[in-house]
Each structure stands twice: as structure tokens, then as C-alpha cells.
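2 protein chains.
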Amino acid sequence: MQEKVAQLLKKNQMSVTASRTKILELFLASQGALAHADIERLTNGFDRVTIYRTLQTFVDKGLVHTIPTADNSVRYALCKDECSQGHHHDDHVHFMCDDCGNTYCLDHIHVPAVHLPQGFVVKQTDVVVSGICSNCTLR
Amino acid sequence: MQEKVAQLLKKNQMSVTASRTKILELFLASQGALAHADIERLTNGFDRVTIYRTLQTFVDKGLVHTIPTADNSVRYALCKDECSQGHHHDDHVHFMCDDCGNTYCLDHIHVPAVHLPQGFVVKQTDVVVSGICSNCTLR
DNA sequence: CTGGCTTTGCAACCAAGTTGCAAAGGTTTT
DNA sequence: AAAACCTTTGCAACTTGGTTGCAAAGCCAG
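Going line by line, the protein sequences match chains A and B.
So for the first sequence, the numbering used here puts the first residue at -19; every next one is plus one.
So for the second sequence, the numbering used here puts the first residue at -19; every next one is plus one.
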């Protein structure tokens, strides 16, 4: 596992350090998206600043993308393989659960095409759905 | 005009004060959405805190709604008449222009229904489109 | 295992937003 | 039109989230 994570870092042109390894492991182990605060809580000893910088590096290298949320908080989730350095293909729907607070990438649900009036050029469409996730409806 | 604004405030159960009048005028005069910083710039003399509280009051009273944005900044726009105290009908698409930075409510473009996997309960769907707005493509 | 570049931790800083409270302002009553 | 009462404002202080500069430590080629 550790080894696999190290390979993944190298493949994306990053040197292998303790914080990057640990944080990437967290992402691989997590179902949903992670916020800076989650990572701070789940690790111990890494400086706030290191976590900010590590996340930024992951985004720059195309390993992770930020998720638009309804409550204006910043969350991060692993990219699928199609994403690469400086080029994110983030065309899936995101879901925020009002109950457990988790945020999920619904990778297989693509954002619908939105038809705009003449003169508008569409570059990106973000869809954020909120409600109750499947884990929480069961309980 | 001043009178009309005062009526609008009263209709929504707010006392008529200088800051509320001025800020509501700004919204009525503005094409797109306004951020706290915009209002601070366009007015002079009102305290930051007063602007925060006025915006919050407008949201509570159903006069204004917040707009989800791709860059995690908070913006406000006038509600249509269907919105009322504590009950927003915010089911239209929002557009952010990468060029001029303006944010618009596309009131007549409704958010498409998104089909989610079993077990998910949808409460709200937010669609934020970014690109170039019709004002900026003309130039 | 040495040297050079990268990353980390710390401290300080900045921006956005919130809270408590006294003073000022709006509204209602008489 | 003034008094009384409740609401709103401005100020100061604080909190939270995020950034920057820099010296020390860490990574990884040769």
C-alpha cells in the first residue's frame, strides 16, 4: 500500500514525502471528499500550512480536484485517471449530504448540457445536488 | 424611486433605514449579483458589519438569495416575487463570466432534473455555468 | 555520502465573517 | 410632537480560513 502510494506520487512527478504519502492514503481510503479540516483532524503533527501546500500541489498535478459546494466550503476529491497535470475533466455531478455532511463525486452521472441564450459561451458547468445520501436513507 | 424602495422594505416587514434603502437601491440598479465587497465599494460610510447584517436580513426576509459560485465566494441577487420569508424558490441557472467577473441569474433557464442512484434523496440542485457572458462576447 | 533543489514548520500576516454592547435611529402610542 | 420602546448601527475585539517569507530539514540524483 505504502509502495503503491509512492508509485502514484512519482508517476505524477512529485517527490515522496511523509505528508504527501499520508494525505494521499487518506484520499484513497475515503469514500467521499475531504476538506482541509478533515485532513488536519485525521493526521497528526503536520502543519496547517503543509496541508494547504500539499493539497495545492495535488491539484496542480492533476491528482485531485476541488469540489464546488453549496455552502462555500472547499473540498477535495481524487481525480479519475483522465485528469492530468493542469487539465481536469471534472464533468460529473457532485452530491452533498445534508445529514452526514459528506460530499461525493457521482462519477458516472454526467452534467447535463445547459442551453443558454445567444451570446453566452459556456466553458464549464458545475452541478451540485444536495439532499440525503444512500448511506443516510438506510438508517 | 426612494419611495418605491421604502414600500418594498415595508412590504417585507423591515423598518426603513438608510443602509437598507441604499443597499436595496443598488440591487435594483444592478444587472447581476453583488458581493459584500461590491456593496462596500459602492456605498460609503456604512460599516462592514452593517452591510453583513443587512444582507443577512434581506436573505432571511426572502428579498435576496445567495448564489453558489465556482470560486467559493458569496454573492447575492434579488429574488423574484415567488420567494418569500424563509422560502426561496431558487431553481434557475446561474452564470459567472470569466471575463468581467459578473454573476447573473438566468431566471428563465431552469435547472434540469438530475437522476441519481437509488437511495439518494434530492433536496436541491444548483447549476453554475461559467464562461463568457453576452456583454463580453460583443467586445 | 555529498551537494543541490524541494519541502517543511514556524511566525507573522491578511481577508472574511461574527459577536457583544452602548449609542443612535425608527416606530408606535398618546 | 414627545415619550417610550424596540430595532438597528458602529465600534472594537475576536475567530476562522488561508497566504507568505524564511531558515532548517528532507529528498534524491550523481
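These are computed hints drawn from the structure, not numbers from a lab.
Do not take every clue at face value.
Since the list gives no way to pick out one identical chain from another, each pair is judged satisfied if it fits inside one copy or across any two copies.
To be verified - Straight-line distance between alpha carbons at most 20 Å, and here's what the computed EDC-like set of lysine to aspartate or glutamate pairs gives: (1) K(-16) with D71; (2) K103 with D78; (3) K60 with E5; (4) K41 with D78; (5) K103 with D79.
Quick rundown of the hints versus the structure:
no.	hint	in the structure
1	K(-16) with D71	neither (27 Å within a copy, 44 Å between copies)
2	K103 with D78	between (29 Å within a copy, 9 Å between copies)
3	K60 with E5	within (16 Å within a copy, 47 Å between copies)
4	K41 with D78	neither (31 Å within a copy, 23 Å between copies)
5	K103 with D79	between (32 Å within a copy, 12 Å between copies)
The structure shown violates the earlier hints numbered 1, 4.
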